Every structure is written in C-alpha cells, then in structure tokens.
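Guided by the hints, dock chain B onto chain A, whose structure is given.
Residue numbers (the numbering used here), protein chains in the order written: chain A, 1 to 388; chain B, 1 to 388.
Treat each hint with caution, since some may be false.
In this list, chains with the same sequence are indistinguishable; a pair is considered to hold if it fits within one copy or across any two.
Straight line, CA to CA, 27 Å or less: simulated DSS-like cross-link-like pairs of lysine-lysine [said to hold, decoys possible]:
1) K273 - K259
2) K243 - K213
3) K273 - K361
4) K104 - K269
Since the hints were made in silico from the structure, they are not lab data. Please read all numbers here as calculations on a predicted model, not as lab measurements.
Here is how the chains run, residue by residue.
Protein chains: 2
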Amino acid sequence: MISPDDALQVLLRPGNDFVRARSVADQISTAEDLVVLTLGLLQDGIQRVKIGVDVAEDELAQEITLSISMPRKGPERLLRYNGAMSLVVVGSVAYDGVETPHGKVERMLGGACTYIALSASYFTSPKIVAVVGDDFDAADRELLVSRGIDLEGLEVAEGKTFFWAGVYSQDMNDRTTLQTDLNVFADFSPKLPEAYKTQPYLFLGNIQPALQKQVFGQMANLRFCGGDTMNFWINDFRSELLKTIEDWNFLLINDSEAKLLSGESNLRKAAEKIMAMGPKNLVIKRGEYGAMLFRPDGLFMVPGYLLESVFDPTGAGDCFAGGFVGYLAERGFDLNGEIDPHELHRAVIYGSAMGSFCCEKFGVDRFRTLTREEIDARVEEFRKFTAF
Amino acid sequence: MISPDDALQVLLRPGNDFVRARSVADQISTAEDLVVLTLGLLQDGIQRVKIGVDVAEDELAQEITLSISMPRKGPERLLRYNGAMSLVVVGSVAYDGVETPHGKVERMLGGACTYIALSASYFTSPKIVAVVGDDFDAADRELLVSRGIDLEGLEVAEGKTFFWAGVYSQDMNDRTTLQTDLNVFADFSPKLPEAYKTQPYLFLGNIQPALQKQVFGQMANLRFCGGDTMNFWINDFRSELLKTIEDWNFLLINDSEAKLLSGESNLRKAAEKIMAMGPKNLVIKRGEYGAMLFRPDGLFMVPGYLLESVFDPTGAGDCFAGGFVGYLAERGFDLNGEIDPHELHRAVIYGSAMGSFCCEKFGVDRFRTLTREEIDARVEEFRKFTAF
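Just chain A, same shape as in the assembly (with noise of 0.2 Å):
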C-alpha cells in the first residue's frame, strides 16, 4: 500500500501531465491502492495519468490503464458558449452555383467567411469582415444575424456579389470550375471596425497574403491568429506569404498544399519545415481522410468521419476551420498561459466534426437546424470510434 503523497512524488512531473511510473504502479496490487492513488492525483489537479501495473502475487501479470482527463478550473476554460471574446473572420461571402451526383443548386449563398463564421458561431460570436454586393439577399443577411454573426464589418459595394461555380465527380474526390465571377470581391479591401481591433482570436481566410498581414497589422491584443491560404498564393505570391506567415500562430491548409509549401512529399519533414516558417500550430486537412495537427511538442491524428452519403463537400474545409478555431475562442484559449495540447486536439475534433455536419445538405444548409447538443453528441462519437 502506497500513500498519496508517495505517488505524488514520482507521479508528479512539472509540465508534463503524461507519466508512466513504473516504480509506483509496481507497489499497486489492490484496487484500493490505485483509488488512494487516484485520489492524491486528483487533489493535486493532475490532468492524465497511465499506469502500468505487473502484480506479480498471483503469479498473472496483470495490466491496469486509468486515465483522468481533468479541466482546469477557471471561468474562461468553462463557459460553454464564449461571446464575450470573439472571433475575426476575414474572408469571402459569395453565391455558389453547385452540382453534386445528388443534385444541383443554381445559387445559394456561400464563400469561405460565410462557412467559417457560420461554424464558429455555435462556439463563439465571430465578426466578419468581407464584401458583398448590392444584390445580397436580406435572408442571407438574416441567416447570418440569427446565428450571433456581427456583420458591423460586412462591406456592401455597388455590383454583384462574388460568384462561383462547380460541378463535383461522381466520388466527389475532384471539382471542376465551371465559372468565376469576382465582382466586387476583386477589389475587396478589408475594413476593420473599431470594435474588432481588440478581439483576441483572428481568422484570416484565403485572400492576399498582403491583405491579410495588413488586417493582421491592425488587432491589437490577438490571443491566436492564423489563417490559411492556397496554392495561387504557394506559387505566385510566395515571399508575400512567407512574410505573412511568420506572424501566424496557426496555418490550416490540406495535405497537397503543405507539400507545395515545404517542397517535401513526407508530411513529417513537410510540417517541420513549415513550422520554421512561423506557426507553430499546423494542421493539414486531409479530406476524407481526416486531419492532423502538428506542433513542435508533438503530434496529433485524427480520421475523417465517416458518413453514410456525403450531399455537398462545397465548405467542408471553411467548417473545419470555424469549428477548430471557434472551439479555442470559446475555451479562452491562450499561447501566453500554460499550454494543455489536448485543448488543441479536441479543437481539431470539434474541427473535423463541424466539417461532417457541412457535407450533409447543399451549401450552409445543414445550419439552418444544427445545434449545440448534435455537435456534442458527434464529438463523442469521435471519440467512441477511436477508442482503443
């Protein structure tokens, strides 16, 4: 029998919530002792703990894992819903034209931005800044509004919305443009209201990297920022990146865009050699396959969901996005506090689940009836099909 106090010497490892203690687990031979174990753990605030337990009396080895996974206290880790620090997305709102082999929508409201926010809003109330034209629809503005969207930042010109076009393969792993029409999105400058320049969480979605080191250049107290980009960029506009970049606490770009970035086919040496260039949270997005977060400290992987018929992957990436950096607003996230890099894998989860809700109806429709609590429920989903 081992006291608390015991395991807590050996257990008990500054920084590191990760420990396997042999030399204690090896004085455990009755359940009861784990519980007193369990218990100095729990008193002293250890976050996950893995024993390994070889009870040589009955002559069977035997094998104990036990883990404890155990917030923090505090109010900014707690509130389910964080309002009160937000969310700045840069980014495109448009109308898509989409047709997939379960059918064909003409126009309906769309771009980056408007996915991005859209997702993120059920973590946090995110303010967007884009530009859209004078044929905007009310409803997409309601929309929009009904979700917590602040749209103080939505630029109305005078011309057309931003419009795209495609059509999907019958796999829907490829995607043909069949039109792009930029409108008043090729003269898009981003505008910051006052309000949003103290916001602690940024988003800067795919545009010029100038524009957003320029939007980046006006926040004043940023707690995690990043954003992502595309292969237009990768090639045409790389030192403008790379000088964009190197302010970025986190990049999301998927698998083929890493490798263009990093001029590395392994994914292990791609992701090392883009965390030199700035962000040290990287997560490459891998479709269906899923996504990975990769961080000097470690590495996180998680598959794609499976879903039983994907409708419209059109947004899929922008919702991971939102959810990701969304679920990081809401938990108060901050680089300059003590780091738990779980809180940034299950960013990564409620990421990957936002993004499987998105595929489920043409375009933003899946969120017009999804709540808080499917969310939820998709999460520990996640974690009952990885669990081993």
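Chain B only, in chain A's frame:
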C-alpha cells in the same frame, strides 16, 4: 456524497461497459466522491466508465472525464506471448526484387505468408503452410525458425521458388510489377500437418478461394478465422470467393477491394454489404491513411503511423494482418466468449504498428532486429497521437 452501491446501481448495465450516467454524476461534488465511485466500479470489474459532472455549488461548470480500462483476469488474456494456442498461416513464400527511391534489392525473402508469420511471431508461434522450390536458402529458413515459426507445413518442391519483382513510384503510392514467375507456387496445394488442424487461429493469405475453403474445412477447433483476397479473385472467381468468405469471422482488404467486392463507393455502405456476405469483423486498410474495423455493433478507425521515411512498403499490408491476428491469438480471443470490442480495436493498432515497422527497411530486414518492446512503445505512440 454517494455510496459505491448507489453508483453501481445506476452505472451498471449488463453488456455495456461504456455508460454515461448524468444522474449519478450530478451528485458528485468533490474529488472524494469521485474516488468512492471509482472504488465501487473497480471492485465490480467495470471496464470503462465515462462521467460528466456539473458542479452547481461553486457556480462554475466543471467537466470530469474518467475512463478506466481494466482487462479481466484470466490466464488466456494475460499471457504476453501465447505459444500454446497458435496461428496457422497459409500463403506465399517468395523471393522479391524491389526498387524504391531509396535503393534496389535484386533478390530477397518475401511473400505474404512470410510477412504475416514474421509479424505474428511477436505475439504467438505461427505455423506456416506454403511451398518453396529447391533453391530456397538455408539462411532464410533459419530466419523463420529463429522467430519461432513452425515450418512443418513448408513444402519443398522441385523447381524454383515464386519470384516477383516490382518498382515503386517516387512517392511510393504506386508500384509497377516487372516480373512474376509463379514457379512452384503455380501448383500450390496446401497440405496441413496433423498438428496444425487443431489450432484455434487461421489466416488464409491471398490464394485461390477454393484452396482457402479447402484448408478451412480441415480445421477442427477454430476460434477466429479469416484472411484476405485481391482484385483478381473478386473479379474472376467471385462465386467461389463468396462461398469461401461466408465461413470467415474476419476479412482484411484494402479500400479499393472493398468497393470492388461490394459495388459501393461509400465505405460505410460497402462494409454493410460485405459483413452480410459472412465476415462480421471487416478490416479495411487504407495504406498511409490508416485502417478501419467494421463490426455490426460499431466502427473503429485509426490514422496511419506517420513515418519520417518509407524505405520499402512491400509487405506492409501483410504485416498489418500478422499483427492483427497475432495479437488476438496472444490474447486468446474467442468469439464464443464475451467480446470486448476494444480488444479488436487494439488488434488493429498492433496491426498498424507492425505495418509501419515493415516499411522502415527493405523486405523483411526490420524483423531481424525488431523487439516486442519497440512494438509496445509504438502502440503507446498511437495512443498519444490519437488522444484528445
């Protein structure tokens, strides 16, 4: 404060080791309460519990997740290496010529049966059924023997051993076959030694479905049996294949084979159709993207291990198979007993780990030095990079 009895009253559900019990959780307000609960659960051998707690008293929402994983006692489950109940593996033993971007080997030991048996040899003592020619090298035989593999069923026929040569693409996602000389393998007719016929585990490697069925028919005491197949048999021997796999407990195939066999492009739908054909434990391998296990009662998914560099992927799928079924043989897994699906999940993880080791060197070279400690450490890595 609640008593263990109260807790167990609510938390115990027959046949269900994953319980969400809000009503009990709401009564827990201190770490001591949780420990009392834990104590009760451990004493009654509960395997996995999840508790969500909302503590109202201090007006801070708090979440506690406690998961306990405790394999039941019992000699079969607790042996680390199970030599008593062994695994029969049927398939090819061959020589391979392989070229990858990392190098070229003209002729080295290969074949599905070889890889499966070497991989499984870290968990149980495999007995192989295969044929080689009179050119089969004594050193190669010695490698197999040194890993505890029973060669009584390895027939030596007049002629040459099966030879295959191929070259991998730069990113190693494709390979081109340069040469296939079936040699003595062309007339392979598996002959089971008497001692093999009473073994409880059987893996039928990728050979003619009728031959697989014939071997299956000779096994008297099977606990868990199955195997793999390939496009050729699915396309040209479909009815034979269907008659063969209807007897199987498990099938291991890759995603393109699953789609071909089922005629469904959605993997969830494909899996349902394949399980209806017989095998109620369906492992779908996705190469670098990981693997999935489908069962009528649920789904498990794991991402692929992210190697720094892949030297030679030849045999990785077979090593996955060897790890999967080898681990279950070690555990004394029995479909007739009470099944813990997490045992099968862990088998998929061991399979994934073995597949990843295989790629680290050319051919079977990694198995010349690999230790069980390295394998267990990699399984722990899987746990770490999938934890959230």
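Results for each hint:
1. K273 - K259: within (10 Å within a copy, 37 Å between copies)
2. K243 - K213: within (8 Å within a copy, 63 Å between copies)
3. K273 - K361: Only across copies: K273 and K361 sit 25 Å apart there, 37 Å inside one copy, limit 27 Å.
4. K104 - K269: Classified as between: cross-chain Cα gap 23 Å, same-chain 40 Å, threshold 27 Å.
In the structure shown, no violation is registered for any of the earlier numbered hints.
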